[in-house]
Amino acid sequence: MLLELTDVAKRYGQVTALRGLSGQIGVAGRRIGLLGPNGAGKSTLLKLLLGLTPFEGEARVLGLDPRRDALAIRDRVGYMPEMESYLAGMTAVQLCAYAGELSGLPRAAAMERAHAALYLCGLEDKRYLKVETYSTGMKQRVKLAQAVVHDPELLFLDEPTNGLDPAGREEMLALIADLPARRGVGVILSSHLLPDVERVCDEVMVLAAGRLEFTGTIGALRGDSEERFAVRVKDGLDKLAGALAAAGLDARRDGEELSLLLPGGDTDAVFAAARAAGVQIRHLAPLKRSLEAAFLEKVKA
Amino acid sequence: MTPRAEIHDLGYEPYRGARTPPARRFLTVARNVFAVAWGSRWGVKLPFIISVSTFVGASVVMYVARNRLFDMVRERGAPIPRAEQIIFFAFTYGFELAAYVLAAVVACAAVANDLRLGAFQFYFSRPLRARDYLAGKLLGLALVIGVPLFTGPVLLAVVRVCFAEDAAQAVSLLPVIPRAALLGLLGTAAFVLPPAALGALLGRRQPAQALFVVYFVVLTNAALAMAAVLKVPELSLLDVGHDVQVVGRALFGVGGGWPNVGPWPAAAALAVVCALSLAALWWRVAKAETSELGGS
Numbered sequence: 001m002l003l004e005l006t007d008v009a010k011r012y013g014q015v016t017a018l019r020g021l022s023g024q025i026g027v028a029g030r031r032i033g034l035l036g037p038n039g040a041g042k043s044t045l046l047k048l049l050l051g052l053t054p055f056e057g058e059a060r061v062l063g064l065d066p067r068r069d070a071l072a073i074r075d076r077v078g079y080m081p082e083m084e085s086y087l088a089g090m091t092a093v094q095l096c097a098y099a100g101e102l103s104g105l106p107r108a109a110a111m112e113r114a115h116a117a118l119y120l121c122g123l124e125d126k127r128y129l130k131v132e133t134y135s136t137g138m139k140q141r142v143k144l145a146q147a148v149v150h151d152p153e154l155l156f157l158d159e160p161t162n163g164l165d166p167a168g169r170e171e172m173l174a175l176i177a178d179l180p181a182r183r184g185v186g187v188i189l190s191s192h193l194l195p196d197v198e199r200v201c202d203e204v205m206v207l208a209a210g211r212l213e214f215t216g217t218i219g220a221l222r223g224d225s226e227e228r229f230a231v232r233v234k235d236g237l238d239k240l241a242g243a244l245a246a247a248g249l250d251a252r253r254d255g256e257e258l259s260l261l262l263p264g265g266d267t268d269a270v271f272a273a274a275r276a277a278g279v280q281i282r283h284l285a286p287l288k289r290s291l292e293a294a295f296l297e298k299v300k301a
Numbered sequence: 001m002t003p004r005a006e007i008h009d010l011g012y013e014p015y016r017g018a019r020t021p022p023a024r025r026f027l028t029v030a031r032n033v034f035a036v037a038w039g040s041r042w043g044v045k046l047p048f049i050i051s052v053s054t055f056v057g058a059s060v061v062m063y064v065a066r067n068r069l070f071d072m073v074r075e076r077g078a079p080i081p082r083a084e085q086i087i088f089f090a091f092t093y094g095f096e097l098a099a100y101v102l103a104a105v106v107a108c109a110a111v112a113n114d115l116r117l118g119a120f121q122f123y124f125s126r127p128l129r130a131r132d133y134l135a136g137k138l139l140g141l142a143l144v145i146g147v148p149l150f151t152g153p154v155l156l157a158v159v160r161v162c163f164a165e166d167a168a169q170a171v172s173l174l175p176v177i178p179r180a181a182l183l184g185l186l187g188t189a190a191f192v193l194p195p196a197a198l199g200a201l202l203g204r205r206q207p208a209q210a211l212f213v214v215y216f217v218v219l220t221n222a223a224l225a226m227a228a229v230l231k232v233p234e235l236s237l238l239d240v241g242h243d244v245q246v247v248g249r250a251l252f253g254v255g256g257g258w259p260n261v262g263p264w265p266a267a268a269a270l271a272v273v274c275a276l277s278l279a280a281l282w283w284r285v286a287k288a289e290t291s292e293l294g295g296s
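Chains A and B supply the protein sequences, listed in that same order.
Numbering (our numbering) for the first sequence: 1 to 301.
Numbering (our numbering) for the second sequence: 1 to 296.
Read the hints as simulated data drawn from the structure, not as lab findings.
As the structure is a prediction and not an experimental result, all values here were calculated from the model.
Note that CB positions come from ideal geometry on N, CA and C, so glycine has one too.
It cannot be assumed that every hint is accurate.
When the alpha-carbon atoms are kept at most 25 Å apart in a straight line, the in silico SDA-like pairs for lysine to any residue are as follows [unchecked claim]:
no., chain 1, residue 1, chain 2, residue 2
1, B, K287, A, Y128
2, A, K139, B, S40
3, A, K126, B, Y12
4, B, K45, A, L129
5, A, K139, A, R68
6, B, K45, A, Y12
7, B, K287, A, Y12
8, A, K239, A, F271
9, B, K45, A, R60
10, B, K287, A, G39
11, A, K126, B, E13
12, B, K45, A, E124
13, A, K126, B, L117
14, A, K130, B, K287
15, B, K287, A, R68
16, B, K231, B, G203
17, A, K139, A, E124
18, B, K287, A, E124
19, A, K130, B, R41
20, B, K287, A, A17
21, A, K126, B, S40
22, B, K287, A, E159
23, A, K130, B, A35
24, A, K130, B, V44
25, A, K139, B, R116
26, B, K287, A, V299
27, A, K130, B, N67
28, A, K300, A, Y12
29, B, K287, A, T16
30, B, K45, A, A88
31, B, K287, A, L71
32, A, K298, A, T217
33, B, K287, A, A9
34, B, K287, A, T217
Just a few of them, taken from the derived set where beta-carbon distance is under 7 Å, the chain B residues facing chain A [to be verified]:
no., residue
35, R19
36, N113
37, A119
38, Q121
39, R126
40, F163
Make a model of the complete structure from these sequences and hints.
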C-alpha cells in the first residue's frame, strides 16, 4: 500500500482545503491518478504527504507518518513539480547529481545515477547543456530525471505532460507507465488531463472541493460491468424496451440506446425479445462510460 | 558443446548503500554555491585577480616598510604606517573592493535566483530543512566572499610574521593573525548577509543588485557627508563598510577615519544590520518551505 488516509483534514484559517479524507491507496496497482478540478486540494494533499504542512487526522506514506518522519518520507519519495524548477547556471547532469546528493547519495553514486536518470528520460545527448537553454519538453524530462535520481520508492508527478507536443506527451506517458516495471517505483500522477490518467494509471483518487469523492480502479470509476449492456436498434427502441420489460429485464432508455442489465451477461434473452418485438439489433456490447463522464458525475455529486 | 555468446541484461540496481545524514546536507548546498560562483565569468574571476594583486602588492609594501629607515622617519612624526598596519589598508582599499563586486554578483543572486526559478520546490521536496538550506547558502557565500575578505588579511598577517627579523619579533607579531581573522570575519558577515537578504526580499537578482549598488555608492556616501555637515558622527553608522573599517582601525591601531564613533558602536551597528538581515532571510526561506511547493 502506498498511502493510507484516515479523516485527514486541512484548514487555512476559515477556509477548509481538505475534509475527512479516508482511504487506502495503491492496493490494486502502483500507478495512481490524482484527479480533481483546480482548487480541489491536490497540491495541498501532496504538501501534506511530504510533511510540509500540518494537518488533522492520520496519514501514512509508505508506512511513515508525515508529521514525525517528514525527512525519511522525502528520502523515499521523488517529486516532479508542475512549475518550472531548476537552478541557475547548472547543466542537466550537474542538477541531477546535486539532487541526488541532497537526497543523501554519496557524490560518486549521485553522479553515476544522474547519468542513468538522464538516459532513462531520453536526455543523454543534451545532458551537458545548461537547463535554462532547454525547450519546454526537455525541461519536463529533466524534472522527471531529478525526481528519480535518488531511487525513490514513490513518485509524485504534478502535471507531467504540461507544455508537451503530442509526440512528447506520448513519450512522457510511455516513460511514466513503464516506471513501476523498470524502477520498481509507485507513481502518483496528479493531472487534470483525463486521457493521460486513463492511459497510465491503474487506480484513481478523485478530489473535489476538498473531499475524496472516489478511490478505486478506473473501471470501477467508470462503472464498468460485465452485466450492463448497451443496445441500439434500427427502428423501434421503445418496442424493444417493452419486450425486454415483459421478459423481466431492467432496460432504461438512454438517448438513442437502451442501457440493459443482463445477469450473467446472457444475451440470448435480448435476441428473443427483439425477435418478439420485430426489431433489428444494430449494436449490442458491454456498456462503458467515458472516464470524463464518470469524473464529472463524481465532481458534481 | 559449441561455445555460445550471451547478452546478459544486468538491469538497473537501485542504490542500497548508506545515505548521508540530513544534518550534513547543508555542506552540499554550500559546496554548490561555491562551485556555481566559481564557474561564473568575470563576476568572480575579476575579484580574484584584485585579491591576488592586493596580496602581492601589500606583501611587497610590508617587506619594504620593515626597513629601519622608515622607523627613524616615523619616530620623527611622519605619518608612515607600520608594516602590520598595511594589512588594514590592503583590507580597506583592495580586499573590500573585491568583496563588494562578489557581494553584488554572487550574494544578491544566491536566494533571489532560487525564488525566481522555482528552486525552492527542488530543495524542499527533498530531505532538506529550511535551516539546512539557509546554513548552506550562507556558508557557501562566506566561502566565496571570505576568499578576499578573510583569507586575504589572514595570509598577509602570516606573511608579516614571516618577515620578522628574529624569533622574538615574530612572537610579538603573532596577535596580528587573530586581529586580521576577526576583521575578516566581520567584513565577511557585512558583505554576505545584507546583500543576500536584499535578494531574498526582492525576489529578483537585478533589482537587488541595483539597490545594493545604490546603497554602497550613493546612500553610504550621503550618510558620511551628512554626518560631516550636521556634525552628527552617528549617521556614519548607516554605512556598513565604514563600520567594519572603524573596527579595523581600532584592531590595527590606525588613527583617523572621521567620522569615527569608536569600535563598540560600530560593532553594535554591524551586529544589528546582520541580525536584521538574518531574520529577513529566515522569514523568507521558512515561508517558501511551506508555500512554494505545488501548482494550480
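- Message: Please list, smallest to largest, the hint numbers that this structure does not respect.
- Response: 1, 5, 6, 9, 12, 14, 16, 18, 26, 27, 34 and 40
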